[in-house]
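Engineer: Each chain is listed here by its residues.
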Amino acid sequence: MSRTDRTILTAAGSIDRRSFLQLAGLAAAASAFGTGLAGGAAAAEPFRIGWVRPTTGRLVTSFNPLYMGGVMAVEEINAAGGILGRKIERVEEDDEALPSKEPGIVRKLRGAGINFVVGPTGSSQSLSSIAATTAAKMIQATYAAAAEAGDGKRYPYHYQLLFNTDQQAEICVDYMLKKQGLKKIGILQENTAFGEQATASTVKYLKKAGVEPASVQVYPINAPDLAAYVSNLQKAGVDGVIAWIANIPNAAMIFNTMKSLNWFPPVTGHSGLFLPSLFELVSPEAVKNVYGTYYKSFTWNATEQPGERQVAFAKKLAELPGAKNNEVNIAASPYYDFIHLLKHVIEQTKSFEVEDIRRALDSTRDYPGLLGKLSFTPENHSGIALADITLASVSSGVDKRAMGCMRERAPGL
Amino acid sequence: MAASVAKSRSLPGLLAQAALVVLVLALPLALDPNGYALFVATQLGVFVIAAIGLNLLAGYAGQVSLGHGAFIAIGAYATALLTVDHGWSFWLAALAGVVLSALMGVLMALPSFRLSTWYFAFITLAFAQVFEKMIVEWRGLTKGFAGVVGVQPPSVFGHVLDPAGVYWLVAVIAIIGFWLVNNLIRSRFGRGFVAVRDAPAAAQAAGASPARLKMLAFVIAACFAGVAGAFFAVQKTVVTPDDFTAEFSIFFLLTVVLGGLGTRWGPVVGALVFFLVPELLTGLESWRMMVYGAALLALMLFAPHGLVGAARSLFDRLRPKQTEPAAQPAETVPPEAAHVERPAISGLALEVKDLRKSFGGVVALGGVDLSVRPGTCAAIVGPNGSGKTTLLNVVGAYYRRDAGQVLLGGRETKGLSPQQIAGEGLGRTFQTPRLLGELTVLDNVLLGAYRRERASLAGTMLRLPAAASETARLRAEAMELLAFVGVADRADDLASETPHGHQRLVEIARALMGGARLIMLDEPAAGLSMTELDRLEQLIRRILALGATVVIVEHHLDLVASIASHVTVLDRGVVLASGAPQAVFADATVMAAYMGERALNEQAPGQAADDAATGDVSRPRPAPVEGA
Amino acid sequence: MDIDILARGLVAGSLYALVAVSFNILYRPTNVFNFAQGELVMLGAMVFASLATVLGWPWYAALIVTLLGVGLLTLLIDVVAVAPVLARSQHGTGWVITTLAASLIIANGVNRIWGPDPIVVRPPAPLTTDTFSLAGMTVSAYQIFLVLLTIVLVLAIEQVYRTRQGKAVLAVAEDREAALLRGVNPLRLSHWSFFLGGAFAGLTGVLAAPVLYASTGLGPALLLKGFAAAAVGSIGNNRGALIAGYLIGVTEALGASLLSPGYQEAVVFLLVLCVLLIWPHGLFGRPFARTV
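Chains as they are written, first to last, in the working numbering: chain U, 1 to 413; chain H, 1 to 628; chain S, 1 to 292.
The following block holds chain U by itself, in its conformation from the complex (with noise of 0.2 Å):
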């Protein structure tokens, strides 16, 4: 029963999600519309890309934001006619964000005879699609944190172009013992693989610095209370928490159990964190200790502004039906970077090969994304850089100067 059971409250609720749905739909005939128009003048067989997320299930909300820049970088290229003269057509396949789904998925996208891929979001969605893909030698990009996506050397057609779980324990491990100066870490991780590998990282980076964590609680994303969990750590006595949360309904219980406890340390964690959805069910107050790991170019601070192109996307995002309140989500997910990557090496190698990309993608270096500067080798496949990496704070998701996607760091940073 747990495909249905699970508890997660996206806060926006669910007249948000129909809205958004329609939006969405309005948004899919449009651009279908124009590329009907634009196939019939260009006599170029279309560029296929399979395109995997969820269209039903529990976190449909959650993910489909994560994939509206992927579109727009498709509608970008097509507007200017296309790859080559090659329109860009997404594949559509649903995977209702199951792991199970996955292998059977790339069987069918493998079956009509597509060599690229966008999605799956989510580790262990992706763990289990990058198997298949690397085995059908499948160009590929995921939304997947765990530093193993990133091995070039175990998935040579896959490439992760954000910020990987080592990169983000790291710095989180670095505030709380630097600049925060907190001895007692407790570990709050949700039972995914994207938690499993986070966990593992934080724990490395803080035996590295001499300190054991205080206390590790690890529970199941569909669990309908999470009070006893954040009771534990408190329990246990930390003063600061680094907390792999990817989804807003887990964070919403955590930070209100934390509110009904009076009990406010510092927390650390993922970007997902920033939804302007949590502040539906949590009041700012009780997040008003919580940050989470970001790409430097979208935050500021006293002295620093966030960078130009940025703020131009953010500015597009605005105007995009359905991006209102998902406009971090938007930003942080790699789909919008790796579709013009894919369109720059297509176009420097001239050739649609798999062998030839994926040797083009290996030699990249520098190349400026929105997210960073990305650079590939053959075993390293992890393209952002640890200095294009920071700390922001959730609440100032409700300043003025925030426009969505837009975050301040955390203090000190």
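Hints should not be assumed to be uniformly reliable.
The calculated DMTMM-like cross-link candidates involving lysine to aspartate or glutamate, where the alpha carbons are at most 20 Å apart (straight line), are [what the hints assert, rightly or not]:
(1) U:Lys324 x U:Glu280
(2) U:Lys137 x H:Asp162
(3) U:Lys235 x S:Asp4
(4) H:Lys414 x H:Glu351
(5) U:Lys179 x U:Asp388
(6) U:Lys184 x U:Glu170
(7) U:Lys288 x U:Asp399
(8) U:Lys108 x H:Glu351
(9) U:Lys259 x U:Glu280
(10) U:Lys108 x H:Asp162
(11) U:Lys207 x U:Asp239
(12) U:Lys259 x U:Asp239
(13) U:Lys343 x U:Glu353
(14) U:Lys259 x S:Glu158
(15) U:Lys204 x U:Glu170
(16) U:Lys137 x H:Asp32
(17) U:Lys108 x H:Asp32
(18) U:Lys259 x S:Asp130
(19) U:Lys183 x U:Glu212
(20) U:Lys259 x U:Asp225
(21) U:Lys316 x U:Glu75
(22) U:Lys153 x U:Glu212
(23) U:Lys324 x U:Glu170
(24) U:Lys373 x U:Asp362
(25) U:Lys179 x U:Glu304
(26) U:Lys153 x U:Asp399
(27) U:Lys153 x H:Asp85
Treat the hints as calculated values from the structure; they're not laboratory data.
Using the hints provided, position chains H and S relative to the given structure of chain U.
Structural biologist: For chains H and S alone, coordinates are given in the frame of chain U:
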């Protein structure tokens, strides 16, 4: 469904099955070897394997298990973890998975011994939920939510199988599994399963242990699920907790229900429809569950035997009516009935001393003595609620006695189970005939031979020659016994469609088939017409003539007076009188106790049998037998 | 031992007891154990949350509509899915499948209407979910109210069974045919019981919502825990259900605290299995004889 255990195998049927096998095996030739269609076909094969096992458990043995996904999960996880993390070969890992799954089957069977059907259904549902949670919780072992990734296909003689190879392997295993289970359900085990499901007391009377049969069904179903799980892992290449939710378990049961519980083709049809249709209707995916729910509801209401059952009854309705064998009057006695020769039986003596039994505060037997010499007929009479049936039940160990002795053939039976006592030569019939309505009359008689059959489980499933010849021998003997009791012409009819009077005779044949040397008849004359009564009397005389001992509980005093050599009158759990029939029935106090003053004045013995034959101990009241 | 465990256990236990009582109401005249009950509780929570929180109705109006709505739906289940099966065979277990099917339909229908996102429900003033410290326990006013109301409801239901109608229900449970002879209409009684059992399930959902959030995922867990409370407390025995509810709630909280919160289901499952294997009719049931 008669055909579920029926023996008939027509030539067109065989040809159709052969064609189906060829079609199934030729499928990969028509499909893209790396395509999605073959992927789905393989998955379907995996589900069919598991569904065949579950159908045996839920359909035949009647154990509604909502936790079947757990068995598949064990097979899949064992295979995935052992091959990916520990480098085992697929075959060894799959074997380990099947063994672990079977062990889990043993554990799951235990609660079914004590809990009624729906309690058990709930427990299994809870188990499925807990199991799903535990897969996630035991991350160290199962790798949590992300699951095990990268399961490799098995290799055969050094060749790693390609997708088509995996499909063929799965298809061949599914076909063999179907054949094995088919052989099983036509055997004594199959009859035993149905008896456990429909009439556990009849199973015990035939010497079959319901607990053992349930255990057997669980273990076999678990083995099938374990095999399915192993191939599930290979086919999917990824094993995650999301594959084995409680919902998945429920779906599995629903699959079998949809196809037709307890029908041979049910699991195949069910799996095809349940898992294939959604692939064809991808646009309706989000409506899928509601459609399933509604379909299931409609099916349970209008076609309790699922798609296969519905198709069969439609087929039966469309087929031109044959000459009705039932048109002949039910009461004609085949003239040859009396002439069937049967070997002599050495009757057992029964000795009951100071037997006591109470339910809560109510004393049902307050120190009963009874002595029956071998080869004689003893009758027990008394008003309703006087403890007659309780006495039979305590003697047969269906109830545990509070105190006293029961000696069967001079041996104390304390501590023996009903089926063990049946094995000692105690046969019985029930107040309400306990026939297996969905089996033929002949199969019902064959159930009696459960304890006599020697063929092993493996021999039965593989249909080895020894098992086959034993089956043929017993079948002939069962036919002979049906002739002996006079219903040979009904051998191939469904038991539920035979007239009430015949059902009692079939029960007697079943007891004789089990090698009974002492037969307890519980109100055999209730509800019989005069002609049938005559036949019954003749039959009891012939059984006595063979040398068997008969103990009869009966309201019909004419019958008792005519055949019994000894009568015991029970009233409120104690012996009121006992002795020769004439002497006992002459006793006014006996008659007063038995029939009340009014009856004594107005009625002669013989009409008392017209009283409604209700049970001695509150439940169950005789429910009308379907189709009777 | 942490005294907070007791508080958490009693609150959860009260909810389980309420679900168990809703099972019992419906079970008594029909001997049917409705597998859709968990989803009915969930539906009650969702309907109430939509009316009270999203549409802003006053709580009493939302409550009345919720109880009527869920009650009528349950009546529909009886008419469509249960009565026809029972008419065919009084002792069959076809209703296991039909009520399961009803559960599937409700769960997925509700999911389609509301989506997977939960709704926060605040209790009516002056009750709040803000916690304070009481005798060393962290509790909220609403939690105390919930525990007390549960006891009151269970005692009130017991009183109902002492009335003439209530006795008729018990008589039908004992022996359907005999009750029929005495002029009781079992079909009408079972319709009423389904309606009331459904309404009570809806009430349980309403009461659970402020504690658990109103979400479409409430059903399965409450179904099984409610069953556990009903079975351990002996089916049909409401006081037994109350005590068993507490027992299960506290055991669960204890398991969560001593082992890991992920083990609470497993701990409850083992408890129920052990109790049922030793006392198949629960802790407070009467033994009955096997009959042949």
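Engineer: Determine which of the earlier numbered hints do not hold for this structure and return their numbers in increasing order.
Structural biologist: 8, 14, 22, 23, 26
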